[in-house]
Amino acid sequence: MSASILRVFIVLLLVTKPLFAWADNQILVLGDSLSAAYGLKQHQGWVQLLQDTYEQQNTPTTLINASISGETTGGALRRLDAILKEHTPTHVLIELGGNDGLRGFPVTKMKANLHALIDKSREAGAEVALMQIRIPPNYGRRYTELFEQSFVDVAKEKQVTLMPFFVEQVATNGELMQNDNIHPNAEAQPILRDIMKTQISNWLNK
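Numbering follows the working numbering, in which position 114 of the sequence shown is assigned residue number 114; successive positions increment by one, without gaps.
A hint or two may mislead.
Derived DEER-like restraints, expressed as beta-carbon distance ranges [unchecked claim]:
(1) P164 / R122: 17 to 25 Å
(2) D119 / H43: 40 to 48 Å
(3) N173 / N58: 29 to 37 Å
(4) E55 / G174: 15 to 23 Å
Since the hints were made in silico from the structure, they are not lab data. Since the model is a prediction, treat every value here as computed from it, not as a measurement. Note that beta-carbon positions come from the ideal geometry of N, C-alpha and C, so glycine has one too.
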């Protein structure tokens with residue numbers, strides 16, 4: 001390789017290297033109170049804790065938390081266009097459906113909303129993952145089974161990653177739950193952070 005060609009090659013490396021160094025996964029977390037740090041300060045929630053971890057480890061991943069306590073699949077669907085336009089995420093994680101179930105909304109309507117959320121996200125150029133959601137069994141066996149199976153069905157129908165319900169490991173431990181026995185407390189958040197770090201890593205590496 002001649003000296004002049006070598007100089008050009010080195011210049012190109014210096015110019016292009018920062019582009020790769022700044023490559024970043026922009027993950028939109030579209031969730032409800034489980035991801036919105038309900039009952040806690042925002043810096044205590046698993047989303048912010050995981051973002052802090054990414055920054056400490058120089059991991060090129062940014063979490064955009066668009067979660068709202070009490071959010072339903074229908075409510076998120078009405079907000080999604082504006083969120084996608086504002087943030088242009090590379091990935092969208094849908095953690096929704098719990099409030100639909102707790103309010104006894106029709107499973108067919110929830111599934112339709114999940115389909116639409118996935119379609120809109122893909123149209124915006126984002127990869128999508130869907131979180132499996134579980135609800136208490138006191139809503140009746142038939143409704144509970146239909147509700148939980150709907151997430152499996154939607155993930156299969158739309159060919160998206162289905163993540164295991166991330167709260168399941170702490171939900172049965174009263175010491176890790178708030179007084180309502182629905183929302184994890186501050187002590188549970190680092191556990192949820194670690195669970196989600198693994199799940200997101202598996203998703204991104206697929």
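Quick rundown of the hints versus the structure:
1. Separation of P164 from R122 is about 22 Å and conforms to the stated range, judged on CB atoms against 17 to 25 Å.
2. For the pair D119 and H43, the beta carbons lie near 34 Å from each other, so the given range of 40 to 48 Å is not met.
3. A C-beta distance of roughly 33 Å is found between N173 and N58, which places it inside the suggested range of 29 to 37 Å.
4. Distance hint check for E55 and G174: the Cβ-Cβ separation is about 33 Å, which falls outside the suggested range of 15 to 23 Å.
The structure is inconsistent with the numbered hints 2 and 4, although it conforms to all the rest.
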